Amino acid sequence: MSALSQTKNRTVRFGIVVFPGSNCDADSYDAVGTFAAAGARYLWHKDMELDGLDCVILPGGFSYGDYLRSGAIARFSPIMKAVRRFAGDGGLVIGICNGFQILLEAGLLPGAMHRNEGLKFVCRLVNLRVENAVTPFTNKYKQGQVIRIPIAHMEGNYFVGAAGLAELEAHGQIVVRYCDPSGEVTKNANPNGSLGNVAGICNRAGNVFGLMPHPERVCDPVVGGSDGRGVFESIISSIAQARI
Amino acid sequence: MRAKVYITPKKGILDPQGAAIERALPALGFAGVGNVRVGKYIELDLPGGEDSVDEVDKMCQNLLANPIIEDFRYELVPG
Chain A
1 MSALSQTKNR TVRFGIVVFP GSNCDADSYD AVGTFAAAGA RYLWHKDMEL
51 DGLDCVILPG GFSYGDYLRS GAIARFSPIM KAVRRFAGDG GLVIGICNGF
101 QILLEAGLLP GAMHRNEGLK FVCRLVNLRV ENAVTPFTNK YKQGQVIRIP
151 IAHMEGNYFV GAAGLAELEA HGQIVVRYCD PSGEVTKNAN PNGSLGNVAG
201 ICNRAGNVFG LMPHPERVCD PVVGGSDGRG VFESIISSIA QARI
Chain B
1 MRAKVYITPK KGILDPQGAA IERALPALGF AGVGNVRVGK YIELDLPGGE
51 DSVDEVDKMC QNLLANPIIE DFRYELVPG
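Chains as they are written, first to last, in our numbering: chain A, 1 to 244; chain B, 1 to 79.
Calculated from the structure, these hints are not laboratory results.
The structure displayed is predicted, hence computed values, not measured ones.
For glycine and all other residues, C-beta sits at the position ideal for the given N, C-alpha and C.
Hints are supplied without guarantee of correctness; some may be wrong.
One-sided and incomplete, this derived list gives chain B residues near chain A with beta-carbon spacing under 7 Å [to be verified]: (1) PRO16; (2) ALA20; (3) MET59; (4) ASN62; (5) ILE68.
Quick list of in silico lysine-lysine cross-link-like pairs, PhoX-like style, CA-CA up to 25 Å [said to hold, decoys possible]: (6) LYS4/B with LYS40/B; (7) LYS46/A with LYS120/A; (8) LYS120/A with LYS11/B; (9) LYS120/A with LYS40/B; (10) LYS142/A with LYS81/A; (11) LYS10/B with LYS40/B; (12) LYS11/B with LYS58/B; (13) LYS10/B with LYS187/A; (14) LYS46/A with LYS81/A; (15) LYS120/A with LYS4/B; (16) LYS40/B with LYS58/B; (17) LYS187/A with LYS11/B; (18) LYS58/B with LYS4/B; (19) LYS40/B with LYS81/A; (20) LYS11/B with LYS40/B; (21) LYS10/B with LYS58/B.
Below, a sample of chain B positions facing chain A; criterion: calculated Cβ distance under 10 Å [what the hints assert, rightly or not]: (22) ASP15; (23) LEU44; (24) LEU76.
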């Protein structure tokens with residue numbers, strides 16, 4: 001995999017974890033590649049080190065075939081120890097779709113995912129309202145901005161206990177919610193039954209972010225949109241600023 | 001010993017699969033069926049004896065079930 005490394009001479013270094021069954025790793029790699037100030041390299045799930053990286057991406061897919069529960073087995077991959085350490089040291093970690101499910105199973109984010117309310121795999125563009133635009137992952141968006149990003153999942157029905165939800169809200173940890181085109185958070189705009197229309201959350205420290213929508217799929221107008229670029233721009237900008 | 005582990009969605013947690021089955025049963029003439037819940041059933045052999053209870057409990061807590069959304073119970077039978 002090191003042959004694919006393009007992190008030399010680039011500023012912000014992304015590592016993309018490849019689990020058996022990941023299928024959005026290449027999309028994430030390509031998305032990062034569209035930013036001149038960034039480079040990406042793949043990490044195998046058996047790797048133990050995250051040396052020299054600024055941000056780790058847990059990509060979408062069906063790690064370990066989603067056996068038992070989505071993310072339940074991936075959580076025990078050797079690399080997850082390193083990811084936990086990296087996150088504990090303040091490193092930026094973003095989990096997209098299956099990556100979000102893995103972060104939940106690993107306890108790096110609170111709550112759990114279960115089957116979509118409608119029992120269907122949902123694959124379409126959805127509207128998201130940016131609820132917190134001061135995280136390292138969303139600072140290039142405006143507070144309350146409505147962005148269009150695709151979802152593609154069967155288990156995106158977020159659940160957390162009442163106390164957990166109150167805590168998320170109190171600390172600004174709900175980062176994006178499903179909304180209608182005008183930005184209203186409504187039941188009809190909720191594609192999967194997710195509690196509080198939650199589409200993405202971060203940890204209390206703000207350096208671990210999980211979301212069901214796929215920003216890496218909308219980083220180029222040629223493939224349907226560019227609303228996802230803000231996530232990568234935000235990461236690149238916050239890392240660049242932290243270095244000053 | 002052999003462990004039989006039963007995992008079910010927690011009370012109050014929406015179970016879309018259970019709801020779908022509940023809607024399908026009346027179509028087959030089974031009226032009045034309610035509260036259908038779909039879970040998982042796992043069997044496994046254990047190296048130890050009766051004292052394996054703690055171990056099975058830990059397996060359930062840490063992997064077999066997700067305690068945020070699922071309840072579990074288990075029984076140990078001579079394997």
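For each hint, the structure was consulted:
| no. | hint | verdict |
| --- | --- | --- |
| 1 | PRO16 | 5 Å, holds |
| 2 | ALA20 | 6 Å, holds |
| 3 | MET59 | 12 Å, violated |
| 4 | ASN62 | 9 Å, violated |
| 5 | ILE68 | 4 Å, holds |
| 6 | LYS4/B with LYS40/B | 11 Å, holds |
| 7 | LYS46/A with LYS120/A | 32 Å, violated |
| 8 | LYS120/A with LYS11/B | 22 Å, holds |
| 9 | LYS120/A with LYS40/B | 20 Å, holds |
| 10 | LYS142/A with LYS81/A | 34 Å, violated |
| 11 | LYS10/B with LYS40/B | 12 Å, holds |
| 12 | LYS11/B with LYS58/B | 21 Å, holds |
| 13 | LYS10/B with LYS187/A | 23 Å, holds |
| 14 | LYS46/A with LYS81/A | 10 Å, holds |
| 15 | LYS120/A with LYS4/B | 30 Å, violated |
| 16 | LYS40/B with LYS58/B | 17 Å, holds |
| 17 | LYS187/A with LYS11/B | 22 Å, holds |
| 18 | LYS58/B with LYS4/B | 14 Å, holds |
| 19 | LYS40/B with LYS81/A | 28 Å, violated |
| 20 | LYS11/B with LYS40/B | 15 Å, holds |
| 21 | LYS10/B with LYS58/B | 18 Å, holds |
| 22 | ASP15 | 8 Å, holds |
| 23 | LEU44 | 13 Å, violated |
| 24 | LEU76 | 21 Å, violated |
In the structure shown, a violation is registered for the earlier hints numbered 3, 4, 7, 10, 15, 19, 23 and 24, in ascending order.
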